[in-house]
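Position chain B relative to chain A; hints supplied.
Chains as they are written, first to last, in UniProt numbering: chain A, 1 to 350; chain B, 1 to 350.
Since the hints were derived computationally from the structure, they do not count as laboratory data.
Some hints here could point you the wrong way.
Restricting the straight-line Cα-Cα distance to at most 27 Å, the calculated cross-link-like pairs of lysine-lysine (DSSO-like) are [stated by the list, open to error]: (1) A:Lys119 to B:Lys119; (2) A:Lys119 to B:Lys148; (3) A:Lys119 to A:Lys148.
Since this is a predicted model, take the numbers as computed values, not measurements.
Number of protein chains: 2
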Amino acid sequence: MKTDYQRPIDWRQGRVDLNHGAGGRAAAQLVDELFARAFDNEWLRQGDDGAALPAPPPGHRLVMATDGHVISPLFFPGGDIGGLAVHGTVNDVAMLGATPLYLAASFILEEGFALAELKTIVESMAAAAREAGVAIVTGDTKVVERGKGDGVFITTTGVGALPPGRAIGGANARPGDVVLLSGTIGEHGVAVLSQRESLEFETRIVSDTAALNGLVAAMLAAVPEGAVRTLRDPTRGGVATTLNEIARQSGVGLHLDEAAIPMQAQVAAACELLGLDPLYVANEGKLLAVAASEHAEALLAAMRAHPRGRDAAIIGRVVADERRFVQMTTRLGGRRIVDWLSGEQLPRIC
Amino acid sequence: MKTDYQRPIDWRQGRVDLNHGAGGRAAAQLVDELFARAFDNEWLRQGDDGAALPAPPPGHRLVMATDGHVISPLFFPGGDIGGLAVHGTVNDVAMLGATPLYLAASFILEEGFALAELKTIVESMAAAAREAGVAIVTGDTKVVERGKGDGVFITTTGVGALPPGRAIGGANARPGDVVLLSGTIGEHGVAVLSQRESLEFETRIVSDTAALNGLVAAMLAAVPEGAVRTLRDPTRGGVATTLNEIARQSGVGLHLDEAAIPMQAQVAAACELLGLDPLYVANEGKLLAVAASEHAEALLAAMRAHPRGRDAAIIGRVVADERRFVQMTTRLGGRRIVDWLSGEQLPRIC
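Extracted from the complex, chain A is given alone in its bound form (with noise of 0.2 Å):
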C-alpha cells in the first residue's frame, strides 16, 4: 500500500497547502503518514473512501450523532480541539444509552496551518478515541484557502449499539422523578475563555473535556432498565439551557436548588470576575441525568464510585407545570426563573 513520495513531509516548518485536500500525491501522503499512522484500524486500514464494520449484536439499534467543532483557540488548558472532537461525539452517543462503536472525522484545514500543530490534534484524537474504546475508521480531509477558515474544523460522527428495550431520551422525564448532575460546572468554558482573554487566576482552571461512556455504562449497571429517563451533557449554553431542553421536550417543569450544584470555587471566582453565569457555561465532561426517585440515590452511589462522577450529585426534582419552566431556590432562598439563554455567551466554545 506505500507508495513512494516525492519529499518527506517536513513536520517541523511545514504548513498546509491546498494540494493537501486536493485529492493527489499530497492528499494521499497525509492521509498515508499522519491519520492512517495514528487512528491505525483494520478498517481505516482498508483504505476505500468508506469502511465496512461489524454489526452491532442482535437486536440492537443503532445510534448517530454528530458534532462539528470549532472552538478557539485550538489549544486550550485541559485540552485541544483534537480530544473535544472525539469526546463530544462519544459523549452524545452516550447519552441515549448506547456503546459508542466508531467515528468517522471530516477535517476542513486553512491554507498556512502549521502541519506540526495538526499533528499533535490529530494524536490528541487518537489517544482520546483509544481511551474511550472507541476506532476512528474513515475520514475526509479539504483545505480552504488562507482566510477562509481558521486553522482547523474537525467533525466527527458516531455511531453506537443501542440495547433492546433502552429508551433514554429528552422526552422521558416524568413529575416525581430527580436530577442528578455528575459533577462541577464551568470549567470547560471558563479554562477557554481566561486562555482567550489570557487572563491568569490563581490556580490555574483546566477544561473539564472527558468520554463519559465509561460513567454511562456504570451508571446503566447499577439501577434497573427504565429507571434512568434522560441523560445529557450540558455543553454549549450549560446547565441551564439543557435543562431548558428537556422541560420542553418532556412537557414538564423542573426545580433546581441552587446550593446543591457543585461548582470549584475558583470557577464560581472567575465566572464573578468575568461576568457569566456558571449555569450557562459549557461542560464537556460533564452529564444530567433524570431519574425515577426510588433509584436516585443507588445512582448517585454508583456515578461517585467512578472517577468521572465523583463529585455527583442531586440537584433537582421534576415537577407537573405546563408552562415547562426551570425554576431554580437560591442559596439565599428565593426563587427565580432559569431561562434560556437569549443573548449570546460565548462563541467557538465547542
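Quick look at chain B alone, frame taken from chain A:
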C-alpha cells in the same frame, strides 16, 4: 415541542449571527423552523443530540463514510452545496456495495451568511435525500465569526447496510478484470470552474451531481456476487487519480483506451480552453467499476439501461504490474503514463 420564540426568523433579509450557534433560543429556533421542518422524519423528531435507529437487517454489516464539503461557489450550474453534500456521501456508501440508510449533517456557518441562501441549500439537501431514499437523522450547527469561514461548510456522514458476503473495495481488482465507467467525464469540475471564473460557453455545461445508489443496485442485481470487484466515484482528482488509487490498493497495473472514455464535446473544448486534462477533473455523478471480464457485458448492459449509466463504456483492463502504473493508449495510438495528480488543479471543487 414548540416553543414561543420572541420573533419570527426573517427569511428574506436575515443573516446568520453568532447566536445561531450558541446553543440557546436562537439556535433552537433555527433547528425547529429550518432543519427539522426540511428534513422531517421520525428519528430527527426525537429531538435528542443523536438518533436511535433501526439496525441493518440481520447478517448485514455497517458501512460508514464521511465527507466535508467546502465547494466554492456554493451555487453552480446544475446544483448547490446542499445536494452535493448528500450525493457525495450517499455515493461513498454505495461504492462499497451497501444500501445507504441514514445521513448525519454538520453545518459550519459564517456569521453574516444570508438565511435565504441557507434555506435554499437545506431544502436542496432535503430533496436530494428524498430522491436517494435516505433520511437525515441528526445534525449540528456551529457559527464562526465573519472572515473565519466561507458562507457554509457541510460535513455529511452516511451509514448503510452491507449484505452478507459482499466484498467490493479498491483492493480487489485482479489482472484480467475490465474497467467500466458509467458516463461522460469532467462536467462537474468544468461547470464549477466556469461559474467561478464567470466564463460563458456556447452550450451551458452543468454539473453531473447525482446519487448513484440506484445505479449500483441495478448493477449488482445484474451479475453474480463477486463479479464486481471495485466501485469508486472519481470525484476530486478525477478518473486518473481514482484509477491510481485502485492500482495502488490492488497492487496491479491498469491499461486504458483513451478513445473509449466518454466525454461531451463541449467539456473537451472547455478543458482545452482552460488548460485542464479532463482525466483529472472532478465528477460527482459517475462511477468507475472493476469487474470480472466474463460478466463485463452483462454489467455494461445493466448500466446502460439505467438513467445514470446511459453512456457507460468499457474503458480499460487490469494487468499484472508491480509498478502499479496506470497507462493509456492515446487516440493517436501512442501510450502514456497517467500519473497521480501532483500539482494543484482545482481547489474547493467539492
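Pair hint Lys119 (chain A) and Lys148 (chain A), alpha-carbon separation not exceeding 27 Å
21 Å, holds
Compare the distance between the alpha carbons of Lys119 (chain A) and Lys119 (chain B) with 27 Å, and conclude whether the hinted pair is satisfied.
36 Å, violated
Please work out if Lys119 (chain A) and Lys148 (chain B) have their alpha carbons no farther apart than 27 Å.
21 Å, holds
Hint check: a violation occurs at hint 1 only; the rest are consistent with the structure.
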